[in-house]
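K.L.:
Here the protein sequences line up with chains A and B, keeping their order. Numbering follows the working numbering, with no gaps: position 30 of the first sequence is 30. For any residue, its number in the working numbering is found by taking its place in the second sequence, counting from 1, and adding 1000.
Simulated from the structure, these hints should not be mistaken for lab results. Please note: incorrect hints may appear among the correct ones.
Computed list of lysine-lysine pairs in PhoX-like fashion (alpha-carbon distance at most 20 Å, straight line) [unchecked claim]:
{"no.": "1", "chain 1": "B", "residue 1": "Lys1380", "chain 2": "A", "residue 2": "Lys6"}
{"no.": "2", "chain 1": "B", "residue 1": "Lys1234", "chain 2": "B", "residue 2": "Lys1224"}
{"no.": "3", "chain 1": "A", "residue 1": "Lys62", "chain 2": "A", "residue 2": "Lys4"}
{"no.": "4", "chain 1": "B", "residue 1": "Lys1206", "chain 2": "A", "residue 2": "Lys12"}
{"no.": "5", "chain 1": "A", "residue 1": "Lys34", "chain 2": "A", "residue 2": "Lys62"}
{"no.": "6", "chain 1": "B", "residue 1": "Lys1290", "chain 2": "B", "residue 2": "Lys1096"}
{"no.": "7", "chain 1": "B", "residue 1": "Lys1234", "chain 2": "B", "residue 2": "Lys1206"}
{"no.": "8", "chain 1": "A", "residue 1": "Lys12", "chain 2": "B", "residue 2": "Lys1380"}
{"no.": "9", "chain 1": "B", "residue 1": "Lys1096", "chain 2": "B", "residue 2": "Lys1206"}
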Amino acid sequence: MDLKIKLVGRLKEYWNDGSSVEVTEGATVLDVLKQLNIPDEEAGMVAINDESVPRKERGIVKVVPGDSMTILPMVHGG
Amino acid sequence: MTWQGSVLRVNLTEGSYVVEPLNMEWANDYVGERGLGSKYLVESIDPKVDPLSPDNALIFATGPLTGTMASTSGRYAVITKGPLNGAIACSNSGGKFGAEMKFAGYDLILLEGRASKPCYLLIEDESISFEDAEPIWGQSVWKTEEWIRNQHNNPKLRIASIGVAGEKGVRYASVINDLHRAAGRSGVGAVMGSKNLKAIAVRGTKGVSVDNPKRFMEVVRETKALLANNSGRKDMTEHGTNSMLTTMQEYGSLPTRNFREVQFEGFDKVDANAMEETDDSGHRNLITNKACFGCTIACGRIAHIRQDHFTIINRREYWHASGGLEYETAFAFGPAVGVDDIDALTFAGYMMNEHGMDPISFGVTLAAAMELYEMGAISKDDTDGVELTFGNAEALTVMAEKTGKFEGFGQILGLGSKVLCEKYGHPELSMTVKGQEFAGYDSRALKGMGLGYATSNRGACHMRHDVFAEDYDDSSPEGKAGPCKDSQDRIAAMDSSGLCVFVTTAWGIEEFAVQLDAACDGTWTGDRLLEAGERIWNLERLFNLAAGFTSADDTLPPRLLNDPAPTGIRKGTLAELDRMLPEYYDLRGWTNDGRPTAETLARLGLN
């Protein structure tokens, strides 16, 4: 199934191959991060359909067809 | 030892000085820089003193690791009672001045009184003299640096100075060193101006010794490798702090048009990518990056403005490269005032460095003025005929220059957002805490950030805590008080070390501790540093309480408490400070009205 993907900032260096990705049925957020080669700790925030997914639930929450995932890098100060 | 063991105490009223031994008991308890400087301030002045009177003190403080081989070891801090809001002020800076001051043999320079006429302090190791600053009074920071070096025929002098803004008492005037590094916040430059002190020029030749050189070099090598391999570090090197702007935009925490909105439609015209793009004429805003002393990050930006831009087309003196946009300048001159002209933003940044001002406070004050203008509370009669509408790039650049030169409506803007909004009958529009303007993070989307803003001892500040990970995790106020308090203590200790907190993208408190342990006498652990950080935080709090602040000042503007975030991933949420503050006070060991208990003071040795 297709998942819409929006990567922000330096995360594009891990995966920069269009705005959607083919994932398997039942894939979790963590599975998608692995498929995109993004280390878990590098993904500061993951939102599905503009709802953030707590870090501890990344291995539990599954994506479904039509979902849109936004991933922000971890930030400090500035 | 890595402290030089000397404090230069200067009496500007008498034109005299004395070199005192550093109080090592205080150094062991408060480390250096922010902590040690605050301790010296507390012991030197009455907290109720008028910040711009001769009775205030102004302290330049290095840390134990300043000037060493550690990465980012160029930091120093300026500590005083701040004129923007009357709270304890501590602003730190990079560049090369701090290391040079340490090389000259001084951990701290403590300035008291007021000179009878404009002067600057010339320090060349043990040689110290008061020099006449009349010829450069009224001149910019940039001309001051050039003039002093020429006057002494010494290009190796490192100089920290003020511009006209500091001389005239702009409440958020900065101290600028090395042309475009700033002890930026809280008006430390105005205190320097009130003392008739234009600059400190220093040249040192002594170097810095450490307790265990072999061990020190080993841990410095290890910690530098950690930093080198970190992706956050790499991002700051390549794109600077302004890469944050896109992230805050996507998240919905980019304060826009005086915090009415949280996302800015023109973000991609002023973000890091925009700085790096080459336009049709072949112009690229960004020229290169730049590092401070000893830094292996190099987040600084050097930029230039299109020569045909309206700001400089007839002003060749600005056709050169200079300090470029960082995240906070991009936020304050871009989304905060609705301007998306990157050259106008860059010019406004030049004005901040040339005349010595804090871009955050200036931009957020201008944003409030624009809202007042659009609602009819002020008019062209007040603004020297300038149409002060959101998005007006010319209004931004004209007012930046007017404020820097203390001309016309710039004199009102120079008082800060709180005074401005009170003057025109709308205090609720001031986006401040304790009278200091917010940085570029909206505290509806970032709850822990809001708590950090509300409790920051120098007023609203984003550099006093780090709760990003918890704020990203969920929109609830639950679970934010602990990380906020812990990070405040941690950063207070880091800010006292002589290193830059930007290393925290790769380092925790233990990486600071191993370097201090190798450099300093005694045993330095992460736990010892965290306790020192908590002691520093409470010392600052006690100063503010004695100065007249109360728990009522630990709050946020009504806009953030009552108006839901209009868009973004946290759309519909509020700051919810009341659900975090009681737990925060409890974790701090403070009473319900925000005062440290006797037990807390005893535990930290503050009784």
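K.L.:
Confirm or reject each hint.
P.N.:
Hint check results:
no. : hint                  : result
1   : B/Lys1380 / A/Lys6    : violated, 44 Å
2   : B/Lys1234 / B/Lys1224 : holds, 13 Å
3   : A/Lys62 / A/Lys4      : holds, 14 Å
4   : B/Lys1206 / A/Lys12   : violated, 46 Å
5   : A/Lys34 / A/Lys62     : holds, 14 Å
6   : B/Lys1290 / B/Lys1096 : holds, 12 Å
7   : B/Lys1234 / B/Lys1206 : violated, 33 Å
8   : A/Lys12 / B/Lys1380   : violated, 46 Å
9   : B/Lys1096 / B/Lys1206 : holds, 15 Å
Of the hints listed earlier, those the structure fails to meet are numbers 1, 4, 7, 8, in rising order.
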